[in-house]
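Chains as they are written, first to last, in this note's numbering: chain A, 1 to 332; chain B, 1 to 337.
In case anyone wonders, no lab produced these hints; they're calculated from the structure.
A couple of the hints might just be wrong.
Part of the chain A face toward chain B, derived, beta carbon under 8 Å [stated by the list, open to error]:
| hint | residue |
| --- | --- |
| 1 | Glu-50 |
| 2 | Leu-91 |
| 3 | Gln-193 |
| 4 | Val-196 |
| 5 | His-214 |
| 6 | His-221 |
| 7 | Ala-242 |
| 8 | Phe-244 |
Computed footprint of chain B on chain A; a stretch qualifies when at least three of its residues, placed anywhere within it, have a C-beta under 8 Å from a C-beta of chain B [unchecked claim]:
| hint | region |
| --- | --- |
| 9 | 248-256 |
| 10 | 300-314 |
Everything numeric in this text was worked out from a predicted model, so none of it was measured.
By construction, the Cβ of each residue, glycine as well, lies at the ideal position given by its N, Cα and C atoms.
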Amino acid sequence: MTGTLLEVERLSKTFQVRRGFLGGATGTVHALSNVSFSVGVGETFGLVGESGCGKSTAGRSILRLVEPDAGRVRFKGEDVLTARAAQLRRLRREMQIVFQDPYSSLNPRRTIGQTLAEPMAVHGLGGAGEIAETVRAVLAEVGMPSDAAAKYPHEFSGGQRQRIGIARALVLQPELIVADEPVSALDVSIQAQILVLLRGLQEHRKLSFIFISHDLGVVRHFCRRVAVMYLGRIVETGPVPAIFDEPLHPYTQALRSASPVPDPKARVAMAKLEGEVASALAPPAGCHFHPRCPHAMEICKRVYPAWTHVGKDRGVACHLFPAPAAASALTP
Amino acid sequence: MSERSTEPVLVVENLTTEFRIGGTWYPAVRRVGFTLGRNETLALVGESGCGKSITALSIIGLVPKANGRVAAGRVLLAGRDLLSLDEREMEKIRGNRISMIFQEPMTSLNPVLPVGFQVAEALRYHTDLSPKAARARALALLEHVKIPSAARRFNDYPHQFSGGMRQRVMIAVALACGPEVLLADEPTTALDVTIQAQVLALLAELKASDGMAMIFITHNLGVVASIADRVAVMYAGDIVELAPVDELFAHPTHPYTEALLRSIPRVDRDAFDLKPIPGQVPPITAMPAGCRYADRCPLRIERCSVEVPPLAPVPGLRGHQARCWVRAGAGAGAEAA
């Protein structure tokens, strides 16, 4: 790796929600607890997990689209969370986001050209001529016809809209893109087109990605390293082929074996995992996964497992892998 | 097994369903035909708009009447053509001998009625069980679909259940009258994978224990491989390939099936060979004259753009049919390697 682009340390976020009859009571959702990871220059880093595990909140907290409660985010050494308005605007030029739903993330009343030009105008990047030139170049780069700039979002298919969403992220020439389920709303054949496009962009522009997805197949295809999340915490990280071929955490194992593979000889070991994800309003004591874990031990019900480094590039939070006493102080 | 048990439960012949767009009727499902054996799961797989859901809605008589119609074909349930029945007769069949479950259980369940009531309601409508007997049977059904502490949750409302549990409730409603055929339209698509695995296991178990046949509609070939006995691949309103599940994955024959399998990023394999399908599905209002996949097909010959290929046997493969001039039917096998 040629250096670290982004460092995330002990990021935490809670949301207050109203519950009960007519919203009389309040509860606290622990969306993120002590989430730490880093992304190298040009690296594709995956965040995987099921609904409500905090992967999207993590992505948004890094850009401060959601203000985290605690933790630290450093982008090329600069502290993102303490940045003031002007500094934050400059940082956001370099960190862009692509959303899942290309239908709701584009303004239906603006032409594609207007949508793509706006961020450049906001950041004062060149005059009208230069901006138009960039719009044309970026549209070509994402495989859109040149007359797309004059059209409106409804004139495009889902796959094309996602290309436009990607183009919008690219016009500011960012170094990091947070891609939040960018292919989940698309049909398989279109999904593959977008993945190939993203891969090409990543290689040509040396882009770094935080790639958020629930689909292990997509993550295996796109990412070099991955963190698996469960109920607001990272439970395992590691390099991509290894983590799916030899998952360590029982949750990663369950996720892997429940992911369907297009091969009848590998019918998923169905229903290995009992129960459902607990509510983030009241995560179970100890390891949050213990009520569903086939290996749960006494200690799992009481103590959240410390982070353990396994080998040089993997880590896991599970009592099956006890940490050497000295190394257990910090999560990854 | 007796002769009778090998007879199909459901036969779909030449089914064509059309939708009206700007005053003209366009086929969304075109001359679709297949048989469904007792205790068999047939997967209908394809991308958005391929006609897989419309096929199911046509079978159960729920094509929206405002702008849709079944234009031709027969749907034979134990020899009786459902398409010839009027709505009153169809109501006796729907939810009774053929049931359907949908992708989003929250929109199929009534939010202001307790779940136990909704299961019992299906029984009260189709049987002459007393209210008390229907409630007892409903509770047994909720236990059958493995709702934890079903007795305690009998009077809970749908919003008090998780997505996976709601889908179990829907399954209980659908199975209440012991249908011969269950139509399952993307029943696990809205669920997380670990919950999806549980629901798929439940459906497979129920199919075996209740002996029903199932048409399982999905866009996910991984799910197909997990649950199907036979598979029909649909593209732009046509069945383009029909084969036993092992056959289909071992010898994908239609160029679309083959391309689809190559475009799936797989969790069990490194990704170097991901190949997207160029272009997109033609719009329903502008379908090409010949094979509907011709424009995207690398094997296209002149004939493909002119004449619609029939669903024909694939040479050398048992029970395997494909709609392709190049690879199926009498003229197949001439393709250069």
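Here's how the hints hold up against the structure:
1. Glu-50: Glu-50 of chain A check passes; min Cβ-Cβ to chain B is 4 Å, inside 8 Å.
2. Leu-91: Not OK, violated: Leu-91 of chain A not within 8 Å of chain B, min 31 Å.
3. Gln-193: 4 Å, holds
4. Val-196: Holds - the Cβ of Val-196 of chain A comes within 8 Å of chain B, reaching about 5 Å at its closest.
5. His-214: 7 Å, holds
6. His-221: 4 Å, holds
7. Ala-242: With Cβ-Cβ at 12 Å, over 8 Å, it is violated.
8. Phe-244: Check passed: Cβ of Phe-244 of chain A comes within 6 Å of chain B, closer than 8 Å.
9. 248-256: Our answer is that it holds, as 3 residues pass the Cβ test (under 8 Å) against chain B, meeting three.
10. 300-314: Since three or more residues must qualify, the claim that chain B covers the region 300-314 of chain A is violated, with 0 doing so at under 8 Å.
Checked against the numbered hints given earlier, the structure breaks hints 2, 7 and 10 and satisfies all the rest.
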